[in-house]
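Protein sequences, first through last, are from chains A and B.
Residue 25 in the working numbering sits at position 25 of the first sequence, and the numbers go up by one each step.
Residue 271 in the working numbering sits at position 28 of the second sequence, and the numbers go up by one each step.
What the hints contain is simulated information worked out from the structure, not anything from laboratory work.
Remember, predicted model here, so these are calculated numbers, not experimental data.
Be aware that a few hints might be false.
[Claimed, not checked] Some chain B residues close to chain A (C-beta under 7 Å, calculated; not the full set):
| hint | residue |
| --- | --- |
| 1 | PHE260 |
| 2 | ARG429 |
| 3 | ALA433 |
| 4 | ASP437 |
| 5 | GLU438 |
| 6 | ALA440 |
| 7 | ALA442 |
| 8 | CYS443 |
| 9 | SER444 |
| 10 | GLY445 |
| 11 | VAL446 |
| 12 | PRO447 |
[What the hints assert, rightly or not] The list that follows gives simulated cross-link-like pairs (lysine-lysine, BS3-like), each with its CA atoms no further than 30 Å apart:
| hint | chain 1 | residue 1 | chain 2 | residue 2 |
| --- | --- | --- | --- | --- |
| 13 | A | LYS59 | A | LYS71 |
| 14 | A | LYS159 | A | LYS59 |
| 15 | B | LYS378 | A | LYS159 |
| 16 | A | LYS71 | B | LYS450 |
| 17 | A | LYS184 | A | LYS159 |
| 18 | A | LYS159 | A | LYS9 |
| 19 | B | LYS450 | A | LYS59 |
| 20 | A | LYS9 | A | LYS59 |
| 21 | A | LYS159 | A | LYS71 |
Heads up, the beta-carbon is just placed ideally off N, CA and C, and yes, glycines get one too.
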Amino acid sequence: MSQALLDVKGVTKRFGGFTALDAVSVAIRPGERFGLVGPNGSGKTTLINCISGVLGLDKGTISFLGADISKLPTYLRTRRGIARSFQIPRPFRTMTVIENLMVAFEFTAGHGGHQSHDEAMALLEQMGLGAKAFRPSSELSQVELRKMELARAMAARPKLLISDEAMAGLSSAEIDEVLDLLIKVNQDGITIIMIEHIMHAVMRFSERVMCLDAGRIIASGTPAEVMADQRVQEAYLGASSQG
Amino acid sequence: MQQAQRGWIFWAVAALFVGAAAVATFSIKNEYPFFAGYLILQFMVLATAWNILGGYAGYVNFGTSAFFGLGVYTAVFLFKATGAPLLVQIAVAAAVGALLGFLVGLLTLRMRGIFFSIATIALTIIIETFIINWKFVGGATGMPMIRPPAMPPFDSYIKMLFVNGAVMVVIAVALARFIQGSWIGRGLRALRDDELAAACSGVPTLKLKLLACVISGALMCAAGAPNAMYLSFADPASAFNLNYSVSALAMALIGGTGHWIGPVLGALLLSSTQQLLTVTISSEVNVLVLGLMLVLFVVAAPDGILGLFRRVRARFTGDAGGRV
Numbered sequence: 001m002s003q004a005l006l007d008v009k010g011v012t013k014r015f016g017g018f019t020a021l022d023a024v025s026v027a028i029r030p031g032e033r034f035g036l037v038g039p040n041g042s043g044k045t046t047l048i049n050c051i052s053g054v055l056g057l058d059k060g061t062i063s064f065l066g067a068d069i070s071k072l073p074t075y076l077r078t079r080r081g082i083a084r085s086f087q088i089p090r091p092f093r094t095m096t097v098i099e100n101l102m103v104a105f106e107f108t109a110g111h112g113g114h115q116s117h118d119e120a121m122a123l124l125e126q127m128g129l130g131a132k133a134f135r136p137s138s139e140l141s142q143v144e145l146r147k148m149e150l151a152r153a154m155a156a157r158p159k160l161l162i163s164d165e166a167m168a169g170l171s172s173a174e175i176d177e178v179l180d181l182l183i184k185v186n187q188d189g190i191t192i193i194m195i196e197h198i199m200h201a202v203m204r205f206s207e208r209v210m211c212l213d214a215g216r217i218i219a220s221g222t223p224a225e226v227m228a229d230q231r232v233q234e235a236y237l238g239a240s241s242q243g
Numbered sequence: 244m245q246q247a248q249r250g251w252i253f254w255a256v257a258a259l260f261v262g263a264a265a266v267a268t269f270s271i272k273n274e275y276p277f278f279a280g281y282l283i284l285q286f287m288v289l290a291t292a293w294n295i296l297g298g299y300a301g302y303v304n305f306g307t308s309a310f311f312g313l314g315v316y317t318a319v320f321l322f323k324a325t326g327a328p329l330l331v332q333i334a335v336a337a338a339v340g341a342l343l344g345f346l347v348g349l350l351t352l353r354m355r356g357i358f359f360s361i362a363t364i365a366l367t368i369i370i371e372t373f374i375i376n377w378k379f380v381g382g383a384t385g386m387p388m389i390r391p392p393a394m395p396p397f398d399s400y401i402k403m404l405f406v407n408g409a410v411m412v413v414i415a416v417a418l419a420r421f422i423q424g425s426w427i428g429r430g431l432r433a434l435r436d437d438e439l440a441a442a443c444s445g446v447p448t449l450k451l452k453l454l455a456c457v458i459s460g461a462l463m464c465a466a467g468a469p470n471a472m473y474l475s476f477a478d479p480a481s482a483f484n485l486n487y488s489v490s491a492l493a494m495a496l497i498g499g500t501g502h503w504i505g506p507v508l509g510a511l512l513l514s515s516t517q518q519l520l521t522v523t524i525s526s527e528v529n530v531l532v533l534g535l536m537l538v539l540f541v542v543a544a545p546d547g548i549l550g551l552f553r554r555v556r557a558r559f560t561g562d563a564g565g566r567v
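Next comes chain A alone, as it looks inside the complex (with noise of 0.2 Å):
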């Protein structure tokens, strides 16, 4: 299949004069390792809640396996298959690990007890949270609760599974774990777009990178690609071109 799984066409999104996103286009194939990156400030957050219908668009539009979806609300694009993590983990509190699971496959898979209880129980198994499958989420770490956090967006059942900065905070040894469940989540067959700024976690996990700097996208390609790309290397450092 050579259509593409979310196809975002010219993005605009202005916060009063504040443009945070500029005429962006982008397709992401089914079953593709992307990688977005960018400077503090750059959009990537704006194109995610874009995308997931958190935020209005001002023009342009996105598409989801060939559906034009830029007017459904944030739950009915869920359903299709859109499920995102947050930059900082937004559990619901009162509840226990489990349930917070349940919720997602409760309102997404239709309304099964038993059911989703057990593939709930398995996901967190896979997911190494097992053991804490019935305590209270606020009692969780860091780590697992960026854990819970895709187990969760997991339990929607996605095709695309966007990680927003599921990584920032986390030591490396927990870089790592978090990294290998999502290289095993994208082996099953979900699309995954990633946000990080931890470069060499993007360099090993993408397929393809794109750079965003002041709402546009300024490299686009490889990691390694990107990664040499003057503008790119720019943006981040703020080194001056020198030649």
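Chain A is fixed; fit chain B onto it per the hints.
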């Protein structure tokens, strides 16, 4: 299996409750216990209704008195215009409440936290002003309501209202219990914890909030409908009294908002204390006591009676908690 058993117990207790209320009306001559008891039942319905939106979904509604008052005046209008019997008054009031809940929800549920609460206070003032200027239902001075004879087998109207109140409590609590245990309740709880994360997990947040607002509004309005006959009088100042808003909220908070039994316990405790104080000291003191108890609970037991109970149980079983 365990759930089915619990359901069975719930309905058995409910039947026993209504049965006991009915038996009492025939075996006790004095009307006063039913006069006082009716108010407790009324507040159980109000607190339970409030909890569906305020507790489960976390949208603090100060508009209880608007819904309650509208229920009172729906009954007044129906009675004056058509002489409709009590059950019709209640049914129509529930429908009107559902409609108001839907409209208000549509307008206000996009607002979060304090903004939603302020909008609901405004609602009371708007509807009360409208009623004050409506001569047909008595305007600002109100109008007396002459009770028709009680329907057999009841020998007094107050006793009939009391049994009717018991049935309404069962309906309200059964609805709240159903919502709590169903996907609706889990969705509401998810959006109360984090609305954005809920939407991203597939929860139709606006629809669920609207549904909660409709059910809650219908119950509040239905609870108001018999009040005109209960008092034999209806006037805007007492029908739209802000005390209803504060009491419903306080009773749910003091009982505990997470579980359907919370508001029932809260209403039982607060309302019977208030009745006792009204009789022994004065009706002004009971407002003071309401305030004091609310402060006491917020400080000492923020999760209400239920939270207190859980803490005590956890201490005895040595469990650190966790499962709620």
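Hints versus structure:
1. PHE260: Hint violated; PHE260/B Cβ to chain A Cβ min 29 Å, cut 7 Å.
2. ARG429: With a closest approach of 6 Å, the ARG429/B hint holds.
3. ALA433: Result: holds, 5 Å to nearest chain A Cβ.
4. ASP437: holds, 5 Å
5. GLU438: violated, 9 Å
6. ALA440: This hint holds: ALA440/B lies near chain A, its Cβ roughly 4 Å from the closest one there, short of 7 Å.
7. ALA442: Check passed: Cβ of ALA442/B comes within 4 Å of chain A, closer than 7 Å.
8. CYS443: Holds. Min distance 6 Å.
9. SER444: Since the shortest Cβ distance to chain A is 4 Å, the answer is holds.
10. GLY445: holds, 4 Å
11. VAL446: holds, 5 Å
12. PRO447: Check passed: Cβ of PRO447/B comes within 5 Å of chain A, closer than 7 Å.
13. LYS59/A to LYS71/A: Judged against 30 Å, a Cα distance of about 12 Å means the pair holds.
14. LYS159/A to LYS59/A: The hint holds at about 25 Å.
15. LYS378/B to LYS159/A: Violated - the C-alpha atoms of LYS159/A and LYS378/B are around 62 Å apart, more than 30 Å.
16. LYS71/A to LYS450/B: holds, 17 Å
17. LYS184/A to LYS159/A: holds, 14 Å
18. LYS159/A to LYS9/A: Given that 30 Å is the threshold and the Cα spacing comes to 20 Å, the pair holds.
19. LYS450/B to LYS59/A: Measuring from Cα to Cα gives roughly 27 Å; hence the hint holds.
20. LYS9/A to LYS59/A: holds, 9 Å
21. LYS159/A to LYS71/A: Holds - the C-alpha atoms of LYS71/A and LYS159/A are around 19 Å apart, at most 30 Å.
Checked against the numbered hints given earlier, this structure breaks hints 1, 5, 15; the rest are met.
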